[in-house]
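Those protein sequence lines, which keep their order, are chains H and A. If you read the first sequence in the numbering used here, its first letter stands for residue 10, the second for the next number, and so on. If you read the second sequence in the numbering used here, its first letter stands for residue 40, the second for the next number, and so on.
Keep in mind that the hints were calculated from the coordinates and are not lab data. Watch out, some of these pointers could steer you wrong.
Mimicking SDA-like on lysine to any residue, the simulated pairs with C-alpha atoms at most 25 Å apart in a straight line are [claimed, not checked]:
#1 H:Lys256 / A:Trp191
#2 A:Lys275 / H:Asp18
#3 A:Lys62 / H:Lys264
#4 H:Lys256 / A:Lys275
#5 A:Lys62 / H:Lys256
#6 A:Lys275 / H:Thr25
#7 H:Lys264 / A:Lys275
#8 A:Lys275 / A:Arg164
#9 A:Lys62 / H:Val81
#10 A:Lys62 / H:Asp18
Quick caveat: nothing in here was measured; it's all calculated off a predicted structure.
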Amino acid sequence: MIDLTLNTDLARTILTGFVHSEISRVGFARAVIGLSGGVDSALSCYLAAEALGPQNVLAVRMPYKSSAQDSVEHAQLVIDALGVQSLTVPITEMADPLFERFPEANPVRRGNVMARLRMIVLYDQSEAFRGLVVGTGNKTEILLGYTTLYGDAACALNPLGDLYKTQVRQLSRAIGVPEAIVAKPPSADLWLGQTDEGELGFTYAEVDQLLYLLIDQRYSPEECVAAGFAEKFVAAVVERVRRNHFKRVLPPIAKLSNRTVGYDFLYLRDWGT
Amino acid sequence: MKLTLALAQINTHLGDVAANLEKHLALIQEAQTAGADLLVFPELSLTGYVLQDLASAVALRPTSDNPVFQRLLQASQALDLVVGFVDEDRRHRFFIAAAYLSAGELVHVHHKVYLPTYGLFDEGRFFAWGDAVHAFDTRFGRVGMLICEDFWHASPPYLLWLDGADMLLLTSASPGRGLTSGPQLESARWVEQINQAYASLFTAFVAHANRVGYEDGLHFWGGSTVYDPNGELLAKGPYDQEGITLAEIDMNQLHRTRARLPLLRDERTALVLREMNRIQADSRQFGR
Numbered sequence: 010m011i012d013l014t015l016n017t018d019l020a021r022t023i024l025t026g027f028v029h030s031e032i033s034r035v036g037f038a039r040a041v042i043g044l045s046g047g048v049d050s051a052l053s054c055y056l057a058a059e060a061l062g063p064q065n066v067l068a069v070r071m072p073y074k075s076s077a078q079d080s081v082e083h084a085q086l087v088i089d090a091l092g093v094q095s096l097t098v099p100i101t102e103m104a105d106p107l108f109e110r111f112p113e114a115n116p117v118r119r120g121n122v123m124a125r126l127r128m129i130v131l132y133d134q135s136e137a138f139r140g141l142v143v144g145t146g147n148k149t150e151i152l153l154g155y156t157t158l159y160g161d162a163a164c165a166l167n168p169l170g171d172l173y174k175t176q177v178r179q180l181s182r183a184i185g186v187p188e189a190i191v192a193k194p195p196s197a198d199l200w201l202g203q204t205d206e207g208e209l210g211f212t213y214a215e216v217d218q219l220l221y222l223l224i225d226q227r228y229s230p231e232e233c234v235a236a237g238f239a240e241k242f243v244a245a246v247v248e249r250v251r252r253n254h255f256k257r258v259l260p261p262i263a264k265l266s267n268r269t270v271g272y273d274f275l276y277l278r279d280w281g282t
Numbered sequence: 040m041k042l043t044l045a046l047a048q049i050n051t052h053l054g055d056v057a058a059n060l061e062k063h064l065a066l067i068q069e070a071q072t073a074g075a076d077l078l079v080f081p082e083l084s085l086t087g088y089v090l091q092d093l094a095s096a097v098a099l100r101p102t103s104d105n106p107v108f109q110r111l112l113q114a115s116q117a118l119d120l121v122v123g124f125v126d127e128d129r130r131h132r133f134f135i136a137a138a139y140l141s142a143g144e145l146v147h148v149h150h151k152v153y154l155p156t157y158g159l160f161d162e163g164r165f166f167a168w169g170d171a172v173h174a175f176d177t178r179f180g181r182v183g184m185l186i187c188e189d190f191w192h193a194s195p196p197y198l199l200w201l202d203g204a205d206m207l208l209l210t211s212a213s214p215g216r217g218l219t220s221g222p223q224l225e226s227a228r229w230v231e232q233i234n235q236a237y238a239s240l241f242t243a244f245v246a247h248a249n250r251v252g253y254e255d256g257l258h259f260w261g262g263s264t265v266y267d268p269n270g271e272l273l274a275k276g277p278y279d280q281e282g283i284t285l286a287e288i289d290m291n292q293l294h295r296t297r298a299r300l301p302l303l304r305d306e307r308t309a310l311v312l313r314e315m316n317r318i319q320a321d322s323r324q325f326g327r
């Protein structure tokens with residue numbers, strides 16, 4: 010009954026058109042992407058290379074000393090397959106002085122620092138390469154808030170944000186992302202042995218189906234339970250989506266005047282283009 | 040009588056009327072060269088779609104002293120035109136509008152009567168509601184114009200049919216949604232189905248011009264269509280690509296189809312009106 014299968018040809022057409030439109034209409038021709046070795050950034054890189062031409066895409070690898078070796082190698086598979094431009098900027102020398110200053114920092118703090126350092130590198134390359142930062146966040150992680158605000162969530166445009174993780178995998182296979190990347194367990198690679206599904210406590214296959222009912226099909230939590238999902242699982246996901254909404258909106262501005270950005274000063278970003 | 044109908048499936052610059060006007064004039068030239076008698080542009084073709092606070096800034100009056108319409112009226116000497124714009128009336132209300140221009144004259148303006156204000160749509164916040172659905176006479180016969188959500192409701196096409204329209208000119212800026220494993224977006228499938236249904240139910244020509252391009256993350260899918268009075272597809276534009284789609288319209292098809300299938304002859308408007316009045320008077324039903 011729950012079918013997340015996509016027409017991948019149509020998805021590819023719409024998403025490459027989106028990347029091309031949103032970059033070219035503001036006077037750019039190039040893109041910068043942080044390539045982690047995982048499936049999301051690999052797919053974003055494939056889409057950007059197709060939309061803009063591989064010479065106009067800069068893939069940046071930003072390993073920390075604890076990053077898995079296969080992450081770097083898998084990123085190289087993408088770079089070689091597409092012929093995009095590439096750069097490796099290790100973040101160890103940037104991160105370690107802060108970690109030494111706060112040795113008690115837990116893995117979440119460390120992970121957030123690494124994600125935000127990568128953002129700094131990407132936005133620096135955005136200016137240097139004259140390219141816009143293409144995001145790699147998918148619908149599942151956006152809804153669950155499984156992302157670092159102003160870290161990996163920071164981007165100029167996000168082609169994958171309306172695709173669930175299982176749909177990212179389907180589109181990746183259709184578009185030719187190497188199977189080693191598509192098939193491996195998803196990981197933020199922020200510390201050794203970390204996997205998304207281990208940290209979240211459920212699989213993407215499960216949560217994508219639940220989110221599809223809750224969000225896309227507008228099921229109530231009770232209806233999801235009636236449809237066969239465990240009550241505790243439903244409650245945990247519903248709460249997680251609500252609690253992380255702050256990551257999906259701009260910070261609220263306190264309204265004082267008659268016309269305030271965000272409330273009654275309303276324009277698309279594509280205004281005038 | 041035969042005519043060549045052209046649908047201009049264009050992308051637009053959001054809020055840049057001057058740039059959009061130049062594109063209109065270029066396509067008018069192209070359509071004229073291709074032998075078109077009538078060229079239909081999509082909804083809000085002169086302004087772009089998600090206007091929000093730009094609505095008042097891009098509003099126009101469709102008169103010969105307006106510099107934009109002056110040039111379009113001039114261009115309509117060569118072929119008839121339908122263009123989409125924001126109409127500011129004398130009381131400074133802003134309408135989503137379609138204008139029919141012919142031989143240098145403004146023939147008809149339609150104000151969108153259904154403003155979707157739900158889901159991703161917010162038109163009712165920024166625009167005034169149109170209040171009339173009228174067919175009008177052209178050199179090709181009597182036609183009617185509707186804009187996007189207008190024909191998601193069954194009543195406006197029905198009214199135009201009763202008012203004498205044998206050709207419906209429908210315009211959209213339809214954001215694509217509902218990507219599944221199916222061959223097209225759910226929104227595209229829905230629009231194509233109802234257009235074909237209207238052509239069949241009203242034994243009339245139904246032409247639909249939809250735009251392409253993107254505004255922020257919204258994607259407009261194109262796929263403009265023309266159906267004949269038998270509900271047969273006469274022409275279809277590509278999805279997602281700019282261009283002109285041409286269709287040869289043989290108005291005598293109306294004669295042949297309606298000889299076979301006299302749905303218009305047998306339509307019981309008095310019965311409809313009696314029942315509408317009864318339903319309208321019943322406070323438990325619809326009062327709008």
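Is it true that the CA of H:Lys256 sits at most 25 Å from the CA of A:Trp191? Answer violated: H:Lys256 to A:Trp191 is near 35 Å, above 25 Å.
Does A:Lys275 pair with H:Asp18 here, judged by a C-alpha cut-off of 25 Å? holds, 20 Å
Straight-line Cα separation of A:Lys275 and H:Thr25 no greater than 25 Å? holds, 23 Å
Hinted pair, alpha-carbon criterion (25 Å max): A:Lys62, H:Lys264. Please report holds or violated. Judged against 25 Å, a Cα distance of about 40 Å means the pair is violated.
Within 25 Å, alpha carbon to alpha carbon, are A:Lys62 and H:Asp18? Violated. A:Lys62 to H:Asp18 sits at ~29 Å, over the 25 Å cutoff.
Are the Cα positions of A:Lys275 and A:Arg164 separated by 25 Å at most? It is violated: about 33 Å lies between the C-alpha atoms, which goes past 25 Å.
Straight-line Cα separation of A:Lys62 and H:Lys256 no greater than 25 Å? violated, 40 Å
Proposed proximity, A:Lys275 with H:Lys264 (alpha carbon, max 25 Å): Roughly 49 Å separates the two Cα atoms, so the pair is violated.
Regarding the pair A:Lys62 and H:Val81, is the alpha-carbon distance no greater than 25 Å? violated, 47 Å
Is the straight-line distance between the alpha-carbon of H:Lys256 and that of A:Lys275 25 Å or less? Cα-Cα ~42 Å, so violated.
The structure fails hints 1, 3, 4, 5, 7, 8, 9 and 10 (numbered hints given earlier, in ascending order).
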